[in-house]
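Just so you know, the sequences run in chain order S and H. Position one of the first sequence corresponds to residue 572 (the working numbering), numbered consecutively onward. Position one of the second sequence corresponds to residue 572 (the working numbering), numbered consecutively onward.
These aren't lab readings, by the way, just hints derived from the structure by calculation. Treat the hints with caution; some may be incorrect.
To be verified - Straight-line alpha carbon distances no greater than 20 Å define the calculated SDA-like cross-link-like pairs of lysine to any residue that follow:
id, chain 1, residue 1, chain 2, residue 2
1, H, K611, H, A659
2, S, K654, S, D637
3, S, K654, H, A614
4, S, K611, H, A614
5, H, K611, S, Y672
6, H, K611, S, A607
7, H, K657, S, A603
8, S, K654, H, T601
9, H, K611, S, D637
10, S, K611, H, E596
11, S, K611, H, E600
12, H, K611, S, A659
13, H, K611, H, T601
14, S, K611, H, G631
15, S, K611, S, G631
16, S, K611, H, V655
17, H, K611, S, P608
18, H, K657, H, V635
19, H, K657, H, G631
20, S, K611, H, A659
21, H, K611, H, S650
Number of protein chains: 2
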Amino acid sequence: MSKQRLPILSLVEDEGACCAPLVCEPLSETEAAELAPLFKAIADPVRLRLLSLIACHEGGEACVCDLTAAFELTAPTISHHLKVLKQAGLIDSERRGTWVYYWLNPGVLGRLSAILGPRVTAAVS
Amino acid sequence: MSKQRLPILSLVEDEGACCAPLVCEPLSETEAAELAPLFKAIADPVRLRLLSLIACHEGGEACVCDLTAAFELTAPTISHHLKVLKQAGLIDSERRGTWVYYWLNPGVLGRLSAILGPRVTAAVS
């Protein structure tokens, strides 16, 4: 078994990274079944742009009105994509008066990021 | 415009991170259209497990024989999933004698990881 630290390692809690035992644990069937729908929710050009627009909006949250204005798509289409992202747990929202505001769920996105890297470049190349 | 560093920022080359201007650049339509198929390739439980099995295999590469043995699926099904990952550029392969060997493409996986984080937790929460 290789002692390299590789991306999937990041699923294991990374406490005391400098001294943690270097074990590589492939994803279980259960973990893979949990993660696949999250990546599927991201795997759409409109939803990727929605995530980045929310992330880059002032204060890290965006009104649905600003998000809709950024696309040549109808409001119901944007709402559908926001609903997919919210159901996957990637974003959260709150109504304030007329508008609904959206922000990222950093825990879920951070978990997905950790699974794909970021040590992969150093470890594999 | 917020000056927070957020995940999508990582698309911008991170040279001299300490002193780089803190700008947030949402994904363009073109970038989102390029990235969505990569996430789609990952968004499958079998392909997620294949990626993690390859990553955790000794030396960071795995024989198709070892990969097939880890699943209760036929060899043609595993080959199909490996082909999807290879066509997306997430893995690469080489035939050596009887078997084909696979390894991760750290550049592509690292790019996807950077887009989803890893600063998101600190920046947004």
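Hints, one by one, checked against the model:
1. H:K611 x H:A659: holds, 9 Å
2. S:K654 x S:D637: Roughly 16 Å between the alpha carbons, so the hint for K654 of chain S and D637 of chain S holds.
3. S:K654 x H:A614: Holds, at about 18 Å.
4. S:K611 x H:A614: Since the Cα atoms of K611 of chain S and A614 of chain H sit roughly 5 Å apart, the hinted pair holds (cutoff 20 Å).
5. H:K611 x S:Y672: violated, 27 Å
6. H:K611 x S:A607: Holds - the C-alpha atoms of A607 of chain S and K611 of chain H are around 9 Å apart, at most 20 Å.
7. H:K657 x S:A603: It holds: about 19 Å lies between the C-alpha atoms, which stays within 20 Å.
8. S:K654 x H:T601: Status violated; Cα separation ~23 Å.
9. H:K611 x S:D637: violated, 27 Å
10. S:K611 x H:E596: violated, 23 Å
11. S:K611 x H:E600: holds, 18 Å
12. H:K611 x S:A659: holds, 15 Å
13. H:K611 x H:T601: holds, 16 Å
14. S:K611 x H:G631: Violated, at about 26 Å.
15. S:K611 x S:G631: violated, 23 Å
16. S:K611 x H:V655: holds, 15 Å
17. H:K611 x S:P608: holds, 10 Å
18. H:K657 x H:V635: holds, 13 Å
19. H:K657 x H:G631: holds, 16 Å
20. S:K611 x H:A659: holds, 15 Å
21. H:K611 x H:S650: holds, 17 Å
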